[in-house]
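K.L.:
Put the two chains together into one complex, using the hints given.
These protein sequence lines map, in sequence, to chains A and B. Quick note: the first sequence uses numbering that gives the first Met the number 0, first residue 0, plus one each step. Quick note: the second sequence uses numbering that gives the first Met the number 0, first residue 0, plus one each step.
What the hints contain is simulated information worked out from the structure, not anything from laboratory work. The C-beta atom is built at its ideal place from N, Cα and C for all residues, glycine as well. What you were told as hints is all true, and nothing was included just to trick you.
Below, a list of computed lysine-lysine pairs in the DSS-like style, where the Cα atoms sit at most 25 Å apart:
1. A/LYS126 with B/LYS1
2. A/LYS95 with A/LYS73
3. B/LYS1 with B/LYS117
4. A/LYS9 with B/LYS15
5. B/LYS320 with A/LYS95
6. B/LYS290 with B/LYS304
Derived coverage of chain A by chain B (criterion: at least 3 residues anywhere in the stretch with Cβ under 8 Å from a Cβ of chain B; other residues may be distant):
7. 28 to 37
8. 56 to 70
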Amino acid sequence: MYPTELRYHKEHEWIRVDGKQATLGISHFAQDALGDIVFLDLPKVGAAVTANQQVGEVESTKTTSSIYSPVSGKIVKINTDLKDHPEVVNSDPYGKGWIAVIELSEPRQVDGLMTSAQYEAFLASQKKG
Amino acid sequence: MKRTPLYQTHVSAQAKLVDFAGWEMPIQYSGVVDEYQTVRTAAGLFDVSHMGRLTVEGRDAVTFLQLVTTTNPDPLAVGAAQYSMVCNPAGGIKDDIFIYRLAPTRFLVCVNASNREKIFSWFCAKAPQGDVRLEDESGYLAQIALQGPQSPQILRAICPDAADQLKPRQCLETAILGAQGIVSRTGYTGEVGYELYLPSPSATAVWEALMKAGAKAGIKPCGLGSRDLLRLEVGYLLYGNDMDEQTTPLEAGAAFAVDFTKGEFIGRPVLIEQKEKGPAKKLVGFELIEKGVPRHGMNVLADGKGIGVVTSGNLSPRLQKGIGLASVSTAFSQPGVRFQIDIRGRLQDAVCVKLPFYKRK
Numbered sequence: 000m001y002p003t004e005l006r007y008h009k010e011h012e013w014i015r016v017d018g019k020q021a022t023l024g025i026s027h028f029a030q031d032a033l034g035d036i037v038f039l040d041l042p043k044v045g046a047a048v049t050a051n052q053q054v055g056e057v058e059s060t061k062t063t064s065s066i067y068s069p070v071s072g073k074i075v076k077i078n079t080d081l082k083d084h085p086e087v088v089n090s091d092p093y094g095k096g097w098i099a100v101i102e103l104s105e106p107r108q109v110d111g112l113m114t115s116a117q118y119e120a121f122l123a124s125q126k127k128g
Numbered sequence: 000m001k002r003t004p005l006y007q008t009h010v011s012a013q014a015k016l017v018d019f020a021g022w023e024m025p026i027q028y029s030g031v032v033d034e035y036q037t038v039r040t041a042a043g044l045f046d047v048s049h050m051g052r053l054t055v056e057g058r059d060a061v062t063f064l065q066l067v068t069t070t071n072p073d074p075l076a077v078g079a080a081q082y083s084m085v086c087n088p089a090g091g092i093k094d095d096i097f098i099y100r101l102a103p104t105r106f107l108v109c110v111n112a113s114n115r116e117k118i119f120s121w122f123c124a125k126a127p128q129g130d131v132r133l134e135d136e137s138g139y140l141a142q143i144a145l146q147g148p149q150s151p152q153i154l155r156a157i158c159p160d161a162a163d164q165l166k167p168r169q170c171l172e173t174a175i176l177g178a179q180g181i182v183s184r185t186g187y188t189g190e191v192g193y194e195l196y197l198p199s200p201s202a203t204a205v206w207e208a209l210m211k212a213g214a215k216a217g218i219k220p221c222g223l224g225s226r227d228l229l230r231l232e233v234g235y236l237l238y239g240n241d242m243d244e245q246t247t248p249l250e251a252g253a254a255f256a257v258d259f260t261k262g263e264f265i266g267r268p269v270l271i272e273q274k275e276k277g278p279a280k281k282l283v284g285f286e287l288i289e290k291g292v293p294r295h296g297m298n299v300l301a302d303g304k305g306i307g308v309v310t311s312g313n314l315s316p317r318l319q320k321g322i323g324l325a326s327v328s329t330a331f332s333q334p335g336v337r338f339q340i341d342i343r344g345r346l347q348d349a350v351c352v353k354l355p356f357y358k359r360k
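Chain B on its own, in the form it takes in the complex (with noise of 0.2 Å):
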């Protein structure tokens, strides 16, 4: 299994390991629940090395990533990033990715752990006889991701220009303990946070030189478990889990992702298509009536006929109600319509509803 530069650090803190798209990464520190409440009422850290980190530059890596990606970078100004998709011919996702513009013609594109290889591979066949040039980074960086109200006092204390610049969705390329990288405003928790990206032989000194700054404010390092009940709240998309490369972006409720006005892009006959005709299937949320807890994969039923299938779920310590994400019917796709959730034959009431779930005050 593939580790971290910062793995040392998680077996020096007693994490849990777990194997995640290959990767020997931490699933808990204190416990799931204790670091989802540290993210929303502190800060926490997070360990997101295994994901991927490509470099996009050239004159025509503007027109590339146009054609790739659902989104238009074009207006991107140097500093902002945007969330955006990769697909393929028939519409359905490759990878759901962060576009971050770091200079006019360079691009740094943030992509899931386990696409990575064939994200990179991808973009390499899809490169035009252009200007472009890509590079897989991962390997040299490693990202860490501060996240939670806390967050901006903590960075202040290694990045005081980032935590005082920074907007959301924007980034900046500056030095981190000495070490030049590039600290982001940007995350998967729902909560004010930044995401560090930097040498891979810097990680231990700035996890540690910001669990030091945060110790007042009651920081403590957190695992993939809290980061997933964390981004379900808040009705963030995980890839493998609520879409892949049968889904469309229409189908997975991220037609804000897609935009039709820049011209042609990979995929975009079968969206114009779906978005015409409307999708037949939708990803939605839902809450069950009782208490209990969803799971991805269960059947989603109405008048006990299949109308869909629970893509995520868990308990929301917020709500402390079963949640979920589910990929149904387009009829049933109505907030405050009723269906039922087959958890395994037992059918329990479930009503959809508007997503998020939570909302930073």
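Next up, chain A with everything else stripped away, as it sits in the complex (with noise of 0.2 Å):
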């Protein structure tokens, strides 16, 4: 459920490196945790992002919740086809549901992202408390 090659961040974001892009999506925590998605709003190609910081949001049946960026950098492609089928991100959150890339402006802020391990241990501990 926690892909090895992703990296999370504690707001229950993914990224995956590529060189100097890392694509982004929300963990299968978040996307079971939101229920049903039916819309995002995604940010704009070219938009400047800083780490920790939001970009979009996502609606499900039940809440609201914002998107963050675990990195700095620029949007450099989004999604589109969530317009449509914002449910992807549900069926397929490390697939399909891509949510955008990012051109990292820092790239040694992905070291200080939790490894798929680290993200698990630190659920375990969130239910716990």
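P.N.:
Here it is in structure tokens:
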């Protein structure tokens, strides 16, 4: 449920790093907690993003939640398919449900993000608390 | 947190449970949209045992209900039910309720979970000297809602008499799997459906029997999430969201639930004055022009000025549009009028529409 090749953020986003770019999405835990996702407010291509700042919003039938960027950089691509098919974020959060691609301005920030094992431990600790 | 007699059933079915008005209730089983679709096309089963069930009995029961509610239960036939409201002396809504006439001098009043104690105390305080006996039966009774186009044939498997006889807003005292209960053709989804009131110990057996009887028709257990979506599309009000003690029935768009011809009742002087002058604010339906999701509490603006507030909102699976109810200045309450919803600082255009958003064919 938490692929090992990804890095995770405490607000339940993931990134997949490929050279100087990182693909952003929300984790299985996030999509499951939100329930049926019905709409996403995506960032604009070209927008500058700062680590830990909001880049968009995800709306489910139950609630609204912010999407945070785990890293700083610039949005170079967004997943326009989500406009008509937001539900793929539920069914395939690490694949077709990707949200945006960010060109990293500070690649070293990636090292500060959680591995899948760390993220799972983090989720377990949240559950206990 | 309080638990209904069906709590274990929800846990076994791996429902997601949340705190709702102090009750640990299922918000979803298979998923809100899936459950929504199931109720619109087949049938869904809801545990609504958290709601309050009061009985009003005695020779003066009718007079009493005429005083404490906005409707007149006198013309109701035995076996008929009506939607009504309980108001405070200022005309504000203390609760919206359903009144069932079980016998000439015996009524069942179904109240919202969050208002149960409040309404029971209010009724006790307002009970006249005459012959009126009030009981809070909520703890002894469970309440199950079977809703959706397939529900008549599913109900027939365990209550053939109710399935064959009941027309909308009628109820019948009958045996439900051997236990004495009440079946009513009422609901909160806009679909054909029933609510079953039954002794708590029978709840699990009845739930399972209905699930079994509906298996072929595709019945699914449903939670409060889909219930909220279903009721919003039909424009049904949710107490605490769309109205409260600061809202009158006229402001809530529920003038149909106020009978000014029956004589004195609590709140009447204020309501009649408001009726003559016209309320300053009104609850309306609206749709967003572009995709987005309005939510309770968001501000409604026109020409940059605040004109109201969103009381309920979601994305309609049927319309694939953001829909909602809003309490707005009466000047903006006509269908076709444009205003804007402040979605966290982003102003989105909306149009006032006639309710309901969805009507069963």
